[in-house]
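Protein chains: 2
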Amino acid sequence: MQAASGPLILHPVQVFREIAEALQFDGEKMKKNGIFATERFFCDVYAFEPGQSQSGHRHAGSDKVYYVIQGKGEFRVDGAERTLGPGSAVFCQAGSEHAVANPGPERLALLVFMAPPPR
Amino acid sequence: MQAASGPLILHPVQVFREIAEALQFDGEKMKKNGIFATERFFCDVYAFEPGQSQSGHRHAGSDKVYYVIQGKGEFRVDGAERTLGPGSAVFCQAGSEHAVANPGPERLALLVFMAPPPR
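Chains as they are written, first to last, in the working numbering: chain B, 1 to 119; chain P, 1 to 119.
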């Protein structure tokens, strides 16, 4: 049997992404759309229809940032609450209890970074 | 000498940030404005006046993401080049050679994440 002699085709890493093209919503529950991911971090865009939410939770060893792209979000981090719009950023340090909800009437889109990704 | 008996006041972590309030430019060179930082990652907002740039460089053990908030950036990652506007994201994997320039005429603002922060 002859060894393959053609070039090795690797799945290319997507270096350039348009967030608007990746942004998909789900009428059933908030949707996480992956943008980039490595063993060091992930970057997603989270999509919330009005009334959808991410319940309070913690990541013991990972820090997270939410950045509001579109709409308004009700954020809670260790009991501190804020309703924030586009251009706002929220820091959820490892171990903090955090939650997000979309009070509407607009759709909510968040750029999300977590480092490292949860194991 | 008596031991201090008052409560220990810790510098509070800023959980909620408005990027627009943190965004400062510098006529001399591109400016890095810190937003959040831990031992796991940092989040900055980089500000470029027209004509300013970040020269090509590499981070051996850290991944970086640029997200365009305002203006247009000319990005180069391992020889691949794109001019991108608001809502675009660029992934610079650890070890990749990457550079950014602002061709103008607008100011350029980028949300930047790096994990882990360079040592």
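You may find that some hints are simply not true.
EDC-like, lysine to aspartate or glutamate: derived pairs with alpha carbons at most 20 Å apart [what the hints assert, rightly or not]:
| no. | chain 1 | residue 1 | chain 2 | residue 2 |
| --- | --- | --- | --- | --- |
| 1 | B | LYS72 | P | GLU74 |
| 2 | B | LYS31 | B | GLU21 |
| 3 | B | LYS29 | B | GLU39 |
| 4 | B | LYS72 | P | GLU18 |
| 5 | P | LYS31 | P | GLU74 |
| 6 | P | LYS32 | P | GLU106 |
Since the hints were made in silico from the structure, they are not lab data.
All figures in this text were calculated on a predicted structure; none of them were measured in a lab.
Results of checking the hints against the structure:
With a C-alpha separation of about 30 Å, the suggested pairing of B:LYS72 with P:GLU74 is violated against the 20 Å cut-off. A distance of roughly 14 Å separates the Cα atoms of B:LYS31 and B:GLU21; the hinted pair therefore holds under the 20 Å criterion. A hinted pair counts as satisfied when its Cα atoms are at most 20 Å apart, and B:LYS29 with B:GLU39 does not qualify at roughly 27 Å. For the suggested pair B:LYS72 and P:GLU18, the alpha carbons sit about 14 Å apart, so the restraint of at most 20 Å is met.
Proximity of P:LYS31 to P:GLU74 is assessed by CA-CA distance (about 17 Å); at most 20 Å being required, the pair is judged to hold. Distance hint between P:LYS32 and P:GLU106 is fulfilled; the C-alpha atoms sit about 18 Å from each other, no more than 20 Å.
The structure fails hints 1 and 3 (numbered hints given earlier, in ascending order).
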